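Participant: Given next are the chains, with one letter for each unit.
Protein chains: 2
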Amino acid sequence: MKATVHVMLKSGVLDPQGAAVRHALGTLGFDGVDKVRQGKVIELELDETDRDKAQTTVTAMCEKLLANTVIESYRVDIA
Amino acid sequence: MKATVHVMLKSGVLDPQGAAVRHALGTLGFDGVDKVRQGKVIELELDETDRDKAQTTVTAMCEKLLANTVIESYRVDIA
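Protein sequence lines, in the order shown, are assigned to chains Y and C. At position 48 of the first sequence the residue is numbered 570 (the working numbering), and the sequence of numbers has no breaks. At position 45 of the second sequence the residue is numbered 567 (the working numbering), and the sequence of numbers has no breaks.
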């Protein structure tokens, strides 16, 4: 079973990577870009075959390791 | 218009971040994780209102800046 985790900085938390990308796009002539946020995506291949159990396990992984829940939010998609 | 870009290392390219995450999950007691790949997700807010034009623009951004197409693949989603 495949799980995809998206980890983004919470809104309100300064995102210097996103700001750098936005600035670089501007210097390359890409105008009309209002806001850029950069985050992480983590794809996991799990042995687990039960969808609900996989969701629970991956959520625990996010809470313990994959996301810093003070400043980051995460979303788990099981496919 | 909002665009989301996923940038992942191509399969076959060594992913040390993914390997580190997999190892760390193992030490935390999460077994049954076969493979981990880590990539970037970039969310862009665009002034553009035409869907096709936005797709074209963001693809150009990926080719020029957001992805290193030698080792990375990208996917553009316009929402």
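It should be emphasised that the hints constitute simulated quantities derived from the structure, not laboratory data. As the structure is a prediction and not an experimental result, all values here were calculated from the model. Any given hint might turn out to be false.
Copies of the same chain look alike in the list, so a pair counts if it works inside one copy or between any two.
Straight-line alpha carbon distances no greater than 30 Å define the calculated DSSO-like cross-link-like pairs of lysine-lysine that follow [what the hints assert, rightly or not]:
no.: 1; residue 1: 586; residue 2: 575
no.: 2; residue 1: 575; residue 2: 557
no.: 3; residue 1: 575; residue 2: 524
Participant: Are the hints correct? Go through all of them and say.
Facilitator: Each hint tested on the structure:
1. When the C-alpha separation of residue 586 and residue 575 is checked against a cutoff of 30 Å, the pair qualifies only within one copy, where the shortest distance is 17 Å, while the shortest distance between copies is 41 Å.
2. For a Cα distance limit of 30 Å, the shortest separation of residue 575 from residue 557 across copies, 18 Å, qualifies, whereas the shortest one inside one copy, 36 Å, does not.
3. Taking CA atoms no more than 30 Å apart as the test, residue 575 paired with residue 524 passes inside one copy only; the shortest distance there is 12 Å, against 32 Å between copies.
In this structure, every one of the numbered hints holds.
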